[in-house]
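Student: Taken in sequence, the protein lines are chains A and B. Under our numbering, the first residue of the first sequence is numbered 1, with each subsequent residue one higher. Under our numbering, the first residue of the second sequence is numbered 1001, with each subsequent residue one higher.
Just so you know, these hints were derived from the structure itself, not from any lab. Even for Gly, the Cβ is constructed at its ideal location relative to N, Cα and C. A hint or two may mislead.
[Unchecked claim] Now the in silico label distances, taken between C-beta atoms and shown as ranges:
1) B:P1064 / A:H66: 19 to 25 angstroms
2) B:L1089 / A:V32: 26 to 32 angstroms
3) B:L1089 / A:L123: 47 to 53 angstroms
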Amino acid sequence: MTLHWPKPNRTIAFFDVLGLFGILGFLVARFVPVARLPFWGCALRHATGWPCPSCGLTRVADRLAHGNFSGAWEANPLGTLAALLLASVTLASMLHVAFKVPIPEVELSKREALLLRATIVLLVVVNYAYVIVKAKFPWLL
Amino acid sequence: MGGGFGPGGGVPPSGGPPGPPTVRGPTPWERRAELGIVKALVETWKDSMFAPEAFWSRVRPDSPWQDSLFYAWIVFGIGALLQLPLRSLQAAQIRQLLYQLRDSMKGIPPQVQDILNQYLIGAGGVVAATISFIISIAFFPLALLLGSALLHLFCMLFGCAKNGYWATFRVLAYASSPLLFYGIPCVGVLAWIYSIVLTVFGLARVQESTLGRAAAAALALPVLSCCCCCGAIGLAAGGLAQMMRH
């Protein structure tokens, strides 16, 4: 893995667009009661009783935006980690735009990239297993 | 955080994409100072719609992103303008459905109910259609920016992000050519599908990856959205149909 530190700059990059995404997501989760809108929710769960891999993400956003970390973790652990990662990206992006703080560029070797992708897939599978167990077989937890 | 997860993403395609050798250069739209705006717009639209393989082979991954944004914005604006009379014609029906939907809402927060009531007072007229037109035009750049960020995340995951985020942005912007027809009933769906097809070709060429990886990245979001939303839309449609029967 190689890490490049560019000179201080305000160049808008992918990182900053993700930061914008994070700010908008936070505002929506904080001030719009999305989960209480009619027809909102998981259609798969509604129709079959089985959750989908992304079940609980609305609750994660809502609870995290209101400072309820344990509630968010309970709804969807991987979603909580992803949301916290997005929050840190947002914070770093704000520092980048406001104070020219450089954002490091990470370059992975082919093997490392493959390993990272495999880890992401594994995390999604494990998280989905947890969501299923929690919804259908809660006595196992 | 510019490119992908590493050089693995940009491995020269072994199984594709086939086609002419890559000779990068400005698109007709990027040569609008020389060609004139209308001719540049028409040529870019024609090339991207009817000769996508040759078009994407020419698109440079590092040309100014603002050019592609303005192109997409103009195309979307013309599409929205074409949709305006249709939307006004359908407004009365839409208002009736919205009233029925509102009446079916139980336990909705009062603030949301107020917003909905205010919207419904104005809905169904030319003014509402015009306001909706202006809002959709104003928010289009933001939607494109965020949409391409989501797409780029999948590009990173599937290893077709060699040339960075702005290359993905450029692909999504030029692939919005079919959106000229998005407001026309039935044709709009086909336009959306064709836009995804153009995105697949574009990602493969501009990010110098394979068609398989590009297809996986471009289809991941629509497939996930369909899994989560289509059922909900189906339930909503079912609910509305049930209400209309009574």
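Student: Check each numbered hint from earlier against the structure, then list the numbers of those it violates in ascending order.
Tutor: 1
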